[in-house]
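Asker: Each chain, letter by letter, is given below.
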Amino acid sequence: MRIEDSAMRSSSAVRVTALTFALLFGAILADRAEAATISLSAGQSALPNIGKVVQSTPTSTGTFRVDASTGSVSVISGTLTRVSAGGVTVPTYTLTCTNGNGGAAACGNSLSSVTVTVHNPVAATAATIAAFNASVALGVGANSCGAVAGQNTTSLSFTCTVVNGNPGNGRAETVATISLGMDISILSVANTGQQNPGYTVSTNP
Amino acid sequence: MNSSHRYFARAIVWAVALALTLGAGVAAPTVRNVSATGHAAITILRPTSTSLTTGLSFGRLGTNSGRAGGGTVTITSAPPAALALVGVERAGGGSGPSPAVYSIKGDKNRAYTVSFFSPVVASSPGSYRVSKFTLWSANSGTITSGGIGHLNVMGTDTLRVGATLTVPGGILPTNFTAVVPITILAQ
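Keeping their order, the protein sequence lines are chains A and B.
Note that the numbering used here gives residue 39 to position 39 of the first sequence, counting from 1, and the numbers run on in steps of one.
Note that the numbering used here gives residue 162 to position 162 of the second sequence, counting from 1, and the numbers run on in steps of one.
Hints are not guaranteed to be accurate.
[Said to hold, decoys possible] Ranges of calculated distance between the beta carbons of each label pair, as one might list FRET restraints:
no. : chain 1 : residue 1 : chain 2 : residue 2 : range
1   : A       : T177      : B       : S51       : 48 to 54 angstroms
2   : A       : T79       : B       : T113      : 15 to 21 angstroms
3   : B       : L185      : A       : G193      : 42 to 48 angstroms
4   : B       : N109      : A       : G78       : 21 to 27 angstroms
5   : A       : N143      : B       : A111      : 48 to 54 angstroms
6   : B       : S49       : A       : N196      : 25 to 31 angstroms
7   : B       : S49       : A       : S188      : 15 to 21 angstroms
[Said to hold, decoys possible] Stretch-level coverage of chain A by chain B, calculated; a stretch enters the list once three of its residues show a Cβ under 8 angstroms from a Cβ in chain B:
no. : region
8   : 38 to 47
9   : 126 to 139
10  : 181 to 189
11  : 195 to 201
[To be verified] List of simulated lysine-lysine pairs, DSSO-like, C-alpha gap at most 30 angstroms:
no. : chain 1 : residue 1 : chain 2 : residue 2
12  : B       : K132      : B       : K105
13  : A       : K52       : B       : K105
14  : B       : K108      : A       : K52
It is worth saying that the hints were derived from the structure and are not from the lab.
Glycine included, every Cβ here is placed at the ideal spot set by N, Cα and C.
The task is simple: from the sequences and hints, build the whole structure.
Answerer: This is the structure in structure tokens:
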């Protein structure tokens with residue numbers, strides 16, 4: 001009897017332990033199965049390209065603003081003359097969510113929103129990005145996108161609430177398309193030629 | 001294998017089976033917190049400087065004796081400078097003649113446009129009509145107003161401006177000059 005009792009107790013303990021592990025593994029697998037893939041289109045070079053500007057003196061400074069919505073270029077400050085005329089092509093970035101489970105949940109039931117941030121201006125020798133502005137077009141994969149916070153500053157962001165339930169089966173859905181404008185400033189450096197100040201677009205999560 | 005081992009083995013099987021049941025979906029890698037870097041572009045040009053090294057001079061001129069209608073004198077821009085006289089004759093003494101000569105400096109190998117403030121300027125003295133400007137560049141040869149010149153690898157060019165002076169009759173020998181303002185814009 002003692003041996004049987006002991007074996008039964010041992011059996012129950014093992015079953016409970018196994019069930020615990022099973023629930024844990026199952027939860028992990030389920031989570032992974034519903035996990036969404038967030039992707040962002042590749043970084044763009046030489047966009048916007050506002051062309052040639054002539055300094056009034058070798059170290060004169062100034063800032064040109066490229067409007068995200070229209071691509072128009074305007075002088076914000078300074079005495080530089082823009083040789084090139086007209087608007088420019090602004091860089092656009094597409095935020096995409098891809099279902100990971102082959103089922104019905106689009107961005108995974110655990111993912112309710114995505115925040116996009118444009119930031120980290122990196123100066124070139126004689127030019128930098130003094131501020132960003134952006135316009136956001138809602139994609140079919142988003143229920144809504146909030147207002148852009150930080151317009152015309154060095155860090156702007158917005159949050160989109162993603163659609164859960166479509167498209168399923170590993171298909172990708174556009175959450176938002178971002179058109180990016182910026183203020184490009186000429187630094188007080190006696191340096192000429194093409195300058196390529198940089199920036200970063202990132203998502204969270 | 002004793003009974004404990006058998007129970008443990010069964011438990012593992014249950015765990016795997018249950019886990020597969022709960023997580024029946026196809027696991028996909030989670031990709032989040034992605035980023036992209038981009039670059040803008042702007043090309044900065046050094047301001048071009050323009051300095052007059054030689055003023056436009058038609059030399060010492062007078063109208064032909066007995067010619068009531070006056071005449072014209074044209075000085076070419078291309079070297080060597082040449083005068084074309086119609087109803088006008090050169091008088092001795094005085095300076096010139098010479099086209100206006102400008103020294104242009106800016107970014108090496110850059111193009112520039114050259115244009116005139118006005119198609120007509122006044123001579124000194126007399127305020128007679130000076131027009132029909134012509135341009136010659138050391139780097140580009142003959143160019144037209146609004147046309148394109150080029151700075152060389154040193155970022156320099158020499159620009160010569162010729163013109164035609166129209167004078168009335170009865171002009172006594174006089175040294176005629178003119179100032180021809182030009183606009184240089186880097187491209």
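Asker: Now tell me, hint by hint, if it's right for this structure.
Answerer: Okay, the hints, checked on the actual structure:
{"no.": "1", "hint": "A/T177 x B/S51: 48 to 54 angstroms", "verdict": "holds, 52 angstroms"}
{"no.": "2", "hint": "A/T79 x B/T113: 15 to 21 angstroms", "verdict": "holds, 20 angstroms"}
{"no.": "3", "hint": "B/L185 x A/G193: 42 to 48 angstroms", "verdict": "violated, 18 angstroms"}
{"no.": "4", "hint": "B/N109 x A/G78: 21 to 27 angstroms", "verdict": "holds, 25 angstroms"}
{"no.": "5", "hint": "A/N143 x B/A111: 48 to 54 angstroms", "verdict": "holds, 53 angstroms"}
{"no.": "6", "hint": "B/S49 x A/N196: 25 to 31 angstroms", "verdict": "holds, 27 angstroms"}
{"no.": "7", "hint": "B/S49 x A/S188: 15 to 21 angstroms", "verdict": "holds, 19 angstroms"}
{"no.": "8", "hint": "38 to 47", "verdict": "holds (count 10)"}
{"no.": "9", "hint": "126 to 139", "verdict": "holds (count 3)"}
{"no.": "10", "hint": "181 to 189", "verdict": "holds (count 3)"}
{"no.": "11", "hint": "195 to 201", "verdict": "holds (count 7)"}
{"no.": "12", "hint": "B/K132 x B/K105", "verdict": "holds, 25 angstroms"}
{"no.": "13", "hint": "A/K52 x B/K105", "verdict": "holds, 17 angstroms"}
{"no.": "14", "hint": "B/K108 x A/K52", "verdict": "holds, 15 angstroms"}
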